[in-house]
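Enquirer: Position chain B against the provided structure of chain A, taking the given hints into account.
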Amino acid sequence: MVNLFNYIDRPSAIHRLTGATKLICLLLWSFAAMYTYDTRFLVVLSVTGILLFAVGHIHLSDVSFMLGFTFAFLVINSIAIYLLSPRHGTEIYGTCTFLFGMSGRYAPTAEQLFYHLNYFLKYLASIPIILLFVSTTNPSEFAASLNRIHVPYSIAYAVALALRYIPDVQQQYHEISQAQQARGIEMSRKASLTRRLKSATSILIPLIMSSMEKIEIISNAMELRSFGKNKKRTWYMERRFCAADILCIAACVLLVAAAVALNFINGGRFYNPFI
Amino acid sequence: MGDILLTFHNFGFQYNAQSSPTLYDINFTVERGDKILIAGPSGCGKSTLVHCMNGLIPFSYKGEMTGSLTLRGSETAAMSLFDISKHVGTVLQDADAQFVGLTVAEDIAFALENDCVPQAELITRVREVAELVNIAGYLDHAPGELSGGQKQRVSVAGVLVDDVDILIFDEPLANLDPATGKQAVELIDEMQKQTGAAVIIVEHRLEDVLYKSVDRVVLMQEGRIIADMDPDTLLSTDILRDNGIREPLYLSALKYAGVSITPDKHPWNISKIILDEADARKVHNWYCSKDAEAADAPGETLLDVRDVCFSYNDGIPILKNISLSIGRGEMVAIVGTNGAGKSTFAKVVCGFEEALSGTISFAGDDFCSYSIMERAEKIGYVMQNPNQMISKIMIYDEVALGLRTRNVPEDEIRERVEHALKICGLYRFRNWPVSALSYGQKKRVTIASILVLEPRMIILDEPTAGQDFRHYTDIMDFLERLNRDGITIVMITHDMHLMLEYAKRAVVFSDGRIIADDTCSNILTDPEIVAAASLKETSLYELALKCGIDDPRGFVQRFIDYERRTVREARQDG
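Chains A and B supply the protein sequences, listed in that same order.
Okay, so the first sequence: first residue is 1 according to the working numbering, each after it adds one.
Okay, so the second sequence: first residue is 1 according to the working numbering, each after it adds one.
Honestly, the hints are just simulated from the structure, not real lab data.
Ideal Cβ positions, reconstructed from N, Cα and C, are used throughout, including at glycine.
It is possible that part of the hints are untrue.
Said to hold, decoys possible - Stretches of chain B that chain A covers, calculated by requiring three or more beta carbons in the stretch to come under 8 Å of a beta carbon on chain A:
(1) 76-85
(2) 103-117
(3) 341-354
(4) 371-378
(5) 385-396
Just chain A, same shape as in the assembly (with noise of 0.2 Å):
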């Protein structure tokens, strides 16, 4: 079965920061990822997010399925771009330098595959670190970090408890599909797109009505065990900020003040090679 959002409970340094460390690192470096276009500053990130999995023993196959499927999304957006807009590098840049010998509008240029090779570096920057954050942070420690930066319990507890049952809801999907697969429902590729959306109901009711079954009783559980009771609440899983929670956030705190001051240094976001 493939692997959606799991915590992967493998013990590391990345896995010993805590929640809340990694939720301010993650917002940080998504922030720096995102304001720069700046192709340099972007390879370093990308490289050492993909070294982080390393440190955080996290496997790519353990993240394969959504690797692949962010991939797919990024191919089918870089084509729209290119589409759309083919000269969008050249308004960029300020240059314009056909290649092989081309020309015209969808004729390929250095400026144009230069905003693609920054476009795909910005997801690569990104989209890792954000696999790693969910894959090396414990739902209920996750939970006590958003109510630490003053998220309301009731809220982080349920994004939590939405966190843990993922598996549980996958395997239930896996289970019900089968059972209907026996009675003549065609989930294979070998059906017609609108037979498989049609068919996608029938599993999903049958998935829905046992979840409400289910919430019913957790949420009675909860109730009996005084959730809700008090405006606050503490938590067994919260752990104390350490030196290395405070050297990550620096670190990170860097990297955006790195980000900035490319943007100075550049004279915008996008650092500019055809000048």
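Expert: What follows is chain B alone, placed relative to chain A:
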């Protein structure tokens, strides 16, 4: 007089959505140190009564209360749900579903976290309670990694952290195999002795709960308490049988033998019951008066599985060289602990999962070359929870689904659907929405939707899970009728009564292998297999030993034959 914790006085309750009350004239008290068993058929109001005690009524389920319900002297209606839960702890039926924390430790800590107990104290308190229920070695484990019995220990710990005065167990045995159920009853007994709290157990499996003593049994029927007495007195009457609760099997046997049951014989537990020589002789005479029945000759082989191996992607073998044949017209039980490979076996047979090696043939054809859909026309598979299968709003459409996807002409569909609905006793509901049906009726809808494909065999996963005796009897009698009409039936089950009463043969799975394949009476009297499969020896066996019967297995078999022949057939014909 002990310390009175809870008092119902002329209490009644009516849900807002319902036109008549669910509870009437409830009068009873719970004192500190009491151990009370509440029994009654589904719909008798016992869940509602539990909700009233733990405060979910009126705080989560709205309705009108009459009379008075006091907890340690104060009216609960004037308290908050949180005040009540400080005194009343509830262990819900489904240990899986009530896991709130991601790990054992967090789950135990949950109530304390909500009370803002500082972290350092949380950690020490969780450890203390975990040691009390003997689960301290698993604090970092996720619920999915635990066995059924361990999960129950965690649930108990989760309410014990609060130092409650009353502990309520709502159907604690429903999802457990017989051996784990026995441990659960021991755990409840132990917890009561250690904490001194009052314990209330809601359960219809009387014989299993009475493995350890209880002070009183409260019997409910149609929203009223119809008996509140000690188990010895209750078991000496016919109240249980008259109200759809199964009496312990050894008592049925004694009654068939003409032994009169009186409170001074201590009938509450088979190892405590006092039988004099005259009684033993009566049992012996009864045994001798019944002939051993010849076993039916097995029909031709329908399903033949040879050397099937299976593992998921992780490579851990789930099925190891499974070989099994099932003959036409058999009614077979597949038993074993959770994770022994029973359900996986069914999935491999139905084609949901593909065997790594081995062959499967059905009526001589190679089954492995068939698709899921083609196999389903030979072998139908019914999941445990009907809500996992039902995907249409109307009953007729639900049953017709499998035919419509196979492009059967509409007039033939009508004919086949109506026929299936008639077999399942649902014909008069054919134009109703599924949501109007009870759980047991929904189960029949799912069976009808499988039968409509005219399979020659059906595999049912836990056909009677969570059902009271009456619904259990309805479903099982129905399956037996189908079986008599020529459909081969395979049931995956934990329920020993089910296998003993309805299956002629049991196949025992353990750790991916078949460790026994024999008559149910032989299996349930073989201590080694009973232990390996987490079953429990039947009390009939102990009764036979007590009465000095030289062939206790034969005694068990004759009891089953007698019940099948006289009691059940009379009921089914009547």
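Enquirer: For which of the previously enumerated hints does the structure constitute a violation, in increasing order of number?
Expert: none
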